[in-house]
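Residues 1 to 128 (my numbering) are what the sequence shown spells out, left to right.
None of these hints come from the bench; they were simulated from the model. Some hints here could point you the wrong way.
[As the list claims (entries may be wrong)] Subject to a maximum C-alpha distance of 20 Å in a straight line, what follows is the list of computed DMTMM-like cross-link-like pairs (lysine to aspartate or glutamate):
(1) 122 with 106
(2) 122 with 108
(3) 122 with 66
(4) 122 with 109
(5) 122 with 86
(6) 122 with 61
(7) 122 with 93
Bear in mind the structure is a predicted one, so any value in this text is a computation, not a measurement.
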Amino acid sequence: ASWAVGATGYSVHHPVCQTLVAGVGTPHAATNAVLLPHSVRFAAPRAPGPVGRLALALGAERADPELAADLVAALAAHAGPTRLSELGVSWGDIGEVVEAVFGRAELDETPGGHPEERELRKLLEAAL
Numbered sequence: 001a002s003w004a005v006g007a008t009g010y011s012v013h014h015p016v017c018q019t020l021v022a023g024v025g026t027p028h029a030a031t032n033a034v035l036l037p038h039s040v041r042f043a044a045p046r047a048p049g050p051v052g053r054l055a056l057a058l059g060a061e062r063a064d065p066e067l068a069a070d071l072v073a074a075l076a077a078h079a080g081p082t083r084l085s086e087l088g089v090s091w092g093d094i095g096e097v098v099e100a101v102f103g104r105a106e107l108d109e110t111p112g113g114h115p116e117e118r119e120l121r122k123l124l125e126a127a128l
């Protein structure tokens, strides 16, 4: 894992999950599993090549970035909860989480650049 992080950086997924775990108290593994399909969908238009290759690695017949998100969601559903609300996150938490994560430097490593606050809010609301 450390090699992968060193080679690619964190992007949006890791800082958002860390912020949820630290700020809201969600369980680490479950938070990552719930948010991963949404993070892949978020990354699809920003990095269609790599996300499309993920679809191929997951057994798809074509390098389709949107399909990658669906495949990850199907796998993550086997891990337990599929919504942040099942982990105790409420609508009222979203604004605080967005505010806390927005300033994190790791977001600069996101393909396409640092996400806007509205993009982070949309990501979290989709996972809620």
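Compare the distance between the alpha carbons of residue 122 and residue 61 with 20 Å, and conclude whether the hinted pair is satisfied.
-> violated, 29 Å
Pair hint residue 122 and residue 86, alpha-carbon separation not exceeding 20 Å | holds, 18 Å
Residue 122 paired with residue 108 [C-alpha distance capped at 20 Å] | Since the Cα atoms of residue 122 and residue 108 sit roughly 18 Å apart, the hinted pair holds (cutoff 20 Å).
Straight-line alpha-carbon gap residue 122 to residue 106, limit 20 Å | Measuring from Cα to Cα gives roughly 19 Å; hence the hint holds.
For the pair supplied as a hint, residue 122 and residue 66, confirm whether the alpha-carbon distance does not exceed 20 Å.
-> Satisfied, since the Cα-Cα distance of roughly 17 Å is no more than 20 Å.
When you check the alpha-carbon spacing of residue 122 and residue 109, does it fall within 20 Å?
-> Given pair residue 122, residue 109 holds - Cα atoms ~19 Å apart, limit 20 Å.
Residue 122 and residue 93: Cα distance at most 20 Å?
-> holds, 13 Å
The earlier numbered hint that this structure contradicts is number 6, and it is the only one.
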